[in-house]
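Asks: Starting from the structure of chain H, add chain V where the hints point.
Listed in order, the protein sequences are those of chains H and V. For the first sequence, counting from 1, position 179 maps to 179 in my numbering; every step adds exactly one. For the second sequence, counting from 1, position 1 maps to 512 in my numbering; every step adds exactly one.
The hints are simulated quantities; they were obtained by calculation from the structure and are not laboratory data. Some hints could be false.
Chain V stretches covered by chain H per the calculated footprint, using a threshold of three residues with CB under 8 Å from any CB of chain H [to be verified]: (1) 571-577; (2) 820-830.
Simulated restraints on C-beta separations [as the list claims (entries may be wrong)]: (3) V/T818 to H/E229: 54 to 60 Å; (4) H/T377 to V/I679: 56 to 62 Å; (5) H/K106 to V/P576: 53 to 59 Å.
DSSO-like mimics (lysine-lysine), calculated; alpha carbons at most 30 Å apart, straight line [stated by the list, open to error]: (6) H/K252 to H/K495; (7) V/K753 to H/K108; (8) H/K106 to V/K770; (9) V/K770 to V/K753; (10) H/K250 to H/K198; (11) H/K381 to H/K391; (12) V/K823 to H/K145; (13) H/K380 to H/K323; (14) H/K75 to H/K126; (15) H/K106 to V/K768; (16) H/K135 to H/K106; (17) V/K753 to H/K135; (18) V/K823 to H/K135; (19) H/K122 to H/K145; (20) H/K334 to H/K379; (21) V/K753 to H/K145; (22) H/K391 to H/K214; (23) V/K665 to H/K136; (24) H/K239 to H/K394; (25) V/K823 to H/K106; (26) V/K801 to H/K136; (27) H/K214 to H/K187; (28) H/K186 to H/K230; (29) H/K75 to H/K230; (30) H/K333 to H/K253; (31) V/K753 to H/K136; (32) H/K239 to H/K253; (33) V/K770 to H/K108; (34) H/K187 to H/K252; (35) H/K198 to H/K394; (36) V/K768 to H/K135; (37) H/K257 to H/K239.
For each residue, glycine too, the CB sits at the ideal point set by N, CA and C.
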Amino acid sequence: MSEAVISLRNVTKSFGDVLANDNVSMDIYKGEILSLLGENGSGKTTLMNMLSGIYYPDHGTITVGGKEVNIRDPKDAFACGIGMVHQHFKLVDVFSAAQNVVVGIKRKDGFDLRAVSQEIRKICDKYGFVMDPEKKVYDMSVSEKQTLEIIKVIYRGADILILDEPTAVLTPQETERLFDVVRNMKKDGKTVVIITHKLHEVLAISDRVAILRKGAYIDAVATRDATQEKLTEMMVGEKVELNIDRPEVKDKKLRLKVEHLSCYNTDGLQVLNDVSFDAYGGEILGIAGVSGNGQKELLESVAGLQNTMPGSRISYYSPEDGKEHELLGLTPKKIRQLGVHLSFVPEDRLGMGLVGSMGMSENMMLKDYSEGHSIFTDKKKPKALAEQILKDLKVVTPGISTPVRRLSGGNVQKVLVGREIAASPAVLMTAYAVRGLDINTSYTIYRLLNEQKSAGVAVIYVGEDLDVLMELCDRILVLCGGRVSGILDGRTARKEEIGRMMTTYAGKENS
Amino acid sequence: MQGFISLFQAAVFFGTVIMFGCVGEIITEKAGNLNLGVPGIMYLGGISSLVAVFIYEGNTESPSPVICVLLAMTASFAGAAIGGLIYAFLTITLRANQNVTGLALSIFGSGVANFFGGSLNTLAGRFEQISVPVTSAAFRRNIPFLADLGVVGKLFFSYGFMVYLAIILAVLVQLFMDRTAAGLNLRTVGENPQAADAAGINVTANKYFAICIGSGICGFGGGYYVMDYIKGTWANDGSIEKLGWLAVALVIFATWKAKNAIWGAYLFGVLYWMYLYIPGLTRASQEIFKMLPYVVTIIVLVFTSLTNSREKQPPAALGQPYFREDR
Numbered sequence: 001m002s003e004a005v006i007s008l009r010n011v012t013k014s015f016g017d018v019l020a021n022d023n024v025s026m027d028i029y030k031g032e033i034l035s036l037l038g039e040n041g042s043g044k045t046t047l048m049n050m051l052s053g054i055y056y057p058d059h060g061t062i063t064v065g066g067k068e069v070n071i072r073d074p075k076d077a078f079a080c081g082i083g084m085v086h087q088h089f090k091l092v093d094v095f096s097a098a099q100n101v102v103v104g105i106k107r108k109d110g111f112d113l114r115a116v117s118q119e120i121r122k123i124c125d126k127y128g129f130v131m132d133p134e135k136k137v138y139d140m141s142v143s144e145k146q147t148l149e150i151i152k153v154i155y156r157g158a159d160i161l162i163l164d165e166p167t168a169v170l171t172p173q174e175t176e177r178l179f180d181v182v183r184n185m186k187k188d189g190k191t192v193v194i195i196t197h198k199l200h201e202v203l204a205i206s207d208r209v210a211i212l213r214k215g216a217y218i219d220a221v222a223t224r225d226a227t228q229e230k231l232t233e234m235m236v237g238e239k240v241e242l243n244i245d246r247p248e249v250k251d252k253k254l255r256l257k258v259e260h261l262s263c264y265n266t267d268g269l270q271v272l273n274d275v276s277f278d279a280y281g282g283e284i285l286g287i288a289g290v291s292g293n294g295q296k297e298l299l300e301s302v303a304g305l306q307n308t309m310p311g312s313r314i315s316y317y318s319p320e321d322g323k324e325h326e327l328l329g330l331t332p333k334k335i336r337q338l339g340v341h342l343s344f345v346p347e348d349r350l351g352m353g354l355v356g357s358m359g360m361s362e363n364m365m366l367k368d369y370s371e372g373h374s375i376f377t378d379k380k381k382p383k384a385l386a387e388q389i390l391k392d393l394k395v396v397t398p399g400i401s402t403p404v405r406r407l408s409g410g411n412v413q414k415v416l417v418g419r420e421i422a423a424s425p426a427v428l429m430t431a432y433a434v435r436g437l438d439i440n441t442s443y444t445i446y447r448l449l450n451e452q453k454s455a456g457v458a459v460i461y462v463g464e465d466l467d468v469l470m471e472l473c474d475r476i477l478v479l480c481g482g483r484v485s486g487i488l489d490g491r492t493a494r495k496e497e498i499g500r501m502m503t504t505y506a507g508k509e510n511s
Numbered sequence: 512m513q514g515f516i517s518l519f520q521a522a523v524f525f526g527t528v529i530m531f532g533c534v535g536e537i538i539t540e541k542a543g544n545l546n547l548g549v550p551g552i553m554y555l556g557g558i559s560s561l562v563a564v565f566i567y568e569g570n571t572e573s574p575s576p577v578i579c580v581l582l583a584m585t586a587s588f589a590g591a592a593i594g595g596l597i598y599a600f601l602t603i604t605l606r607a608n609q610n611v612t613g614l615a616l617s618i619f620g621s622g623v624a625n626f627f628g629g630s631l632n633t634l635a636g637r638f639e640q641i642s643v644p645v646t647s648a649a650f651r652r653n654i655p656f657l658a659d660l661g662v663v664g665k666l667f668f669s670y671g672f673m674v675y676l677a678i679i680l681a682v683l684v685q686l687f688m689d690r691t692a693a694g695l696n697l698r699t700v701g702e703n704p705q706a707a708d709a710a711g712i713n714v715t716a717n718k719y720f721a722i723c724i725g726s727g728i729c730g731f732g733g734g735y736y737v738m739d740y741i742k743g744t745w746a747n748d749g750s751i752e753k754l755g756w757l758a759v760a761l762v763i764f765a766t767w768k769a770k771n772a773i774w775g776a777y778l779f780g781v782l783y784w785m786y787l788y789i790p791g792l793t794r795a796s797q798e799i800f801k802m803l804p805y806v807v808t809i810i811v812l813v814f815t816s817l818t819n820s821r822e823k824q825p826p827a828a829l830g831q832p833y834f835r836e837d838r
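The shape of chain H in the complex, shown without the other chains (with noise of 0.2 Å):
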């Protein structure tokens, strides 16, 4: 084994009561690609961000290249020749990539953009990037960005780079993308640190895995000795059950008919053509598609929040009184109290449906605050259902007042989870509902959605991993392009299948 790069030795940090990590010792070795593996919350990003210079830990001791260092602020990483990309992108949107990457950094030939751009296009050529120096932030895609991210911390002259979460937000073959850079760089002699929670991920790309759990350093394995259950075990400290269950459908009832759908979104594209299908109580109707393929628009179409095309048609069954509604042109508000939920994780979690300033009880409330009788809210209620989320979901939070923003991201998504399905619906829309949450609490979420469909409730479930779909899905309805190239029995549906009608329709390519 080659030399440690970097070595931690017990290292503390804690955010008032809370101890995001507690006596962690740890190495990291030149030239290999180590996986940083734990669940939300395990403290991965705060144990990093102390390498990168935002955090500075209460105590312990840091040593790079064998010299103790003291990293007060990200200029003293970049000394010690560490970056770190971010999984919240910290680039300015109006800035072209190129000011972007310069930003902070003095240089000896004075302010020359020009030559920034060539440099760029330099290192793009060594490593395989693409990206044009003179192209703006906000006219980026999310792979793009994160391009950006690391040429970013590579022109700073990082010999060590730590990405965090690098690949949340990208699609697989985004991903496949990055870890050709990834051994690129790691060929070029750099260390690379990749923090996550998808274990297949760690099993293709890293040498080494170490694995937090609840703060604290568990161990560190030879990738090639490890297997996913081993991981899993260590990271969540029990041993999990990755089969996920799929009871059969009885008494299949009629709940939404969707015929016709079309709609334009707000470039004027149409974002959705002529989709038909129908959902039923007592199975989950599975939504697969390459991300921004209609996806969102149909969900949004359901719960009315969408403006569809004249000859388009929603028919909604009620449980309670049996006859047919039809959910075009109700409110938001309306469709909701007939028992349709939607459910939607956007690419920041906050985004929608969360107020990041206040606690989790206060959130609950969002959406039935017009119920009761008095002027005055009942705030009962809503402070019970969030310590019962609080307690199903294991949200790891201080206490259900304090603001969702402090939360992880993954906690953060537990609770807008949870909150929709505490609503008991009929229909029930979930979107993303585990992106970027680690395997305990996905399948805790299969479990809670396997419950409802149990309960007789029409789940409609849009995911981007093939393999769960397939797994959890009565039925998977195959978007492309903003049109239906299918539906399938998930019981029987190929994996090559899928993935072939996600890009074709009717046999043609998508453009």
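Replies: Showing chain V alone in chain H's frame:
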């Protein structure tokens, strides 16, 4: 013709005061701090220069115009920068709400300035109106020869040096923001302090620097108002305050670009004084005309949000406090 020339001149005098305020506030806002204390800071700049020069002129046999001008400029900059420093300390170090702090500073500044202004008037004794004739004359001295060039001279060269200084400052600030590394760093602080911090930029130092310099430039506006606009006297009528708010509105009108502040300031001046040149207005309808700069600002706001141009938006982190370990 005569009417046009005098409207143009009035607009330039008026515009210069708010141009200083606007350019100073643009620097502050580019660092992510919305300082609503501009009126107060301009007051502080004005009274500081007046007090300094009053003491100097009162205690010197034959005051030198050069020293008078330097003293007035330094005092107005320093007085205003101290006001800015108070604001910076409260909003950056103590992370107080920026809007509330700014409004408080407006009230504080006008209170302090009018207290000392009133005292000076009392000191001046029997005239009951102080004056600093040497300084004021120096400030109002126009460019020899050029000012006599008929209409052109009247339109462009019949002003004191501060009018030209304001334009030069606006151009320099624009160049600083666009063309220098320090300007890029400062804009990053205002757009995304987390990004700036992660890039190794000292967010706190940049904010303090921008607020103090920006306030100092606002202070020039106050100094110009006292020395040139009202000819070296003091008036307790709150007109600096009115101008200060217009400077804040002008920042929005200029879409946070100092170069737009130049013509924007003069346009505001024209709009503000136009009522004098429109015949047949009653007192009530005059007031409607004085409202025009604000109406134009609102139209610009609506227009920029309709066009959805990312370049014309306020700095993204404007008004938000920054604390590194906050999550």
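Asks: A separate judgement is required for each hint: does it hold in the structure or not?
Replies: Hint check:
1. With 0 residues carrying a beta carbon less than 8 Å from a beta carbon of chain H, the segment 571-577 of chain V misses the three-residue requirement, and the given coverage is violated.
2. Coverage of a stretch by a chain is defined here by at least three residues with a beta carbon nearer than 8 Å to that chain's beta carbons; for the segment 820-830 of chain V and chain H the count is 4, and the condition holds.
3. Taken as a hint, the range 54 to 60 Å holds for the pair V/T818 and H/E229, whose Cβ atoms sit roughly 56 Å apart.
4. At roughly 58 Å, the beta carbons of H/T377 and V/I679 sit within the given window of 56 to 62 Å.
5. The beta-carbon spacing between H/K106 and V/P576, approximately 42 Å, falls outside the hinted interval of 53 to 59 Å.
6. Of the supplied pair hints, the one linking H/K252 and H/K495 holds, its CA atoms being roughly 26 Å apart against a limit of 30 Å.
7. Between V/K753 and H/K108 the alpha-carbon distance is near 46 Å, which puts this suggested pair outside the 30 Å criterion.
8. For the hint pairing H/K106 with V/K770, the CA-to-CA distance comes to about 26 Å; that is within 30 Å, so the pair holds.
9. At most 30 Å may separate the alpha-carbon atoms for a hinted pair to count; V/K770 and V/K753 meet this at roughly 23 Å.
10. At most 30 Å may separate the alpha-carbon atoms for a hinted pair to count; H/K250 and H/K198 exceed this at roughly 33 Å.
11. Distance hint between H/K381 and H/K391 is fulfilled; the C-alpha atoms sit about 15 Å from each other, no more than 30 Å.
12. With a C-alpha separation of about 22 Å, the suggested pair V/K823 and H/K145 falls inside the 30 Å cut-off, and the hint holds.
13. Proposed proximity of H/K380 and H/K323 is contradicted: the alpha carbons are some 33 Å apart, above 30 Å.
14. This hinted pair checks out: H/K75 and H/K126 have alpha carbons roughly 25 Å apart, not beyond 30 Å.
15. For a cut-off of 30 Å, the pair hint linking H/K106 to V/K768 stands: about 25 Å separates their Cα positions.
16. Restraint check for H/K135 and H/K106: the C-alpha separation of about 22 Å stays at or below 30 Å, so the hint holds.
17. For the given pair, V/K753 sits about 42 Å from H/K135 by alpha-carbon distance, which is inconsistent with the 30 Å threshold.
18. With a CA separation close to 17 Å, the supplied pair V/K823 and H/K135 stays within the 30 Å bound.
19. The suggested pairing of H/K122 with H/K145 holds, with an alpha-carbon distance near 18 Å, which does not exceed 30 Å.
20. Restraint check for H/K334 and H/K379: the C-alpha separation of about 23 Å stays at or below 30 Å, so the hint holds.
21. Note on V/K753 and H/K145: the hinted pairing is violated, with a Cα-Cα distance of about 44 Å set against a maximum of 30 Å.
22. The suggested pairing of H/K391 with H/K214 holds, with an alpha-carbon distance near 17 Å, which does not exceed 30 Å.
23. Between the alpha carbons of V/K665 and H/K136 the distance comes to roughly 45 Å, so the proposed pair goes past 30 Å and is violated.
24. With a C-alpha separation of about 17 Å, the suggested pair H/K239 and H/K394 falls inside the 30 Å cut-off, and the hint holds.
25. Between V/K823 and H/K106 the CA atoms are separated by roughly 28 Å; this keeps the pair inside 30 Å, and the hint holds.
26. A threshold of 30 Å between alpha carbons decides the hint, and for V/K801 with H/K136 the separation of about 40 Å lies outside it, so the pair is violated.
27. Annotation: proposed proximity of H/K214 to H/K187 is violated, straight-line Cα distance about 33 Å (limit 30 Å).
28. Of the supplied pair hints, the one linking H/K186 and H/K230 holds, its CA atoms being roughly 26 Å apart against a limit of 30 Å.
29. A threshold of 30 Å between alpha carbons decides the hint, and for H/K75 with H/K230 the separation of about 38 Å lies outside it, so the pair is violated.
30. Simply put, H/K333 and H/K253 have alpha-carbon atoms about 24 Å apart, close enough for the 30 Å limit, and the pair holds.
31. At roughly 39 Å between alpha-carbon atoms, V/K753 and H/K136 are farther apart than 30 Å, so this suggested pair is violated.
32. This hinted pair does not check out: H/K239 and H/K253 have alpha carbons roughly 37 Å apart, beyond 30 Å.
33. Distance hint between V/K770 and H/K108 is fulfilled; the C-alpha atoms sit about 29 Å from each other, no more than 30 Å.
34. Restraint check: the Cα-Cα separation between H/K187 and H/K252 comes to about 55 Å, which exceeds 30 Å; the hinted pair is violated.
35. A threshold of 30 Å between alpha carbons decides the hint, and for H/K198 with H/K394 the separation of about 19 Å falls inside it, so the pair holds.
36. Restraint check: the Cα-Cα separation between V/K768 and H/K135 comes to about 21 Å, which is no more than 30 Å; the hinted pair holds.
37. Note on H/K257 and H/K239: the hinted pairing is violated, with a Cα-Cα distance of about 41 Å set against a maximum of 30 Å.
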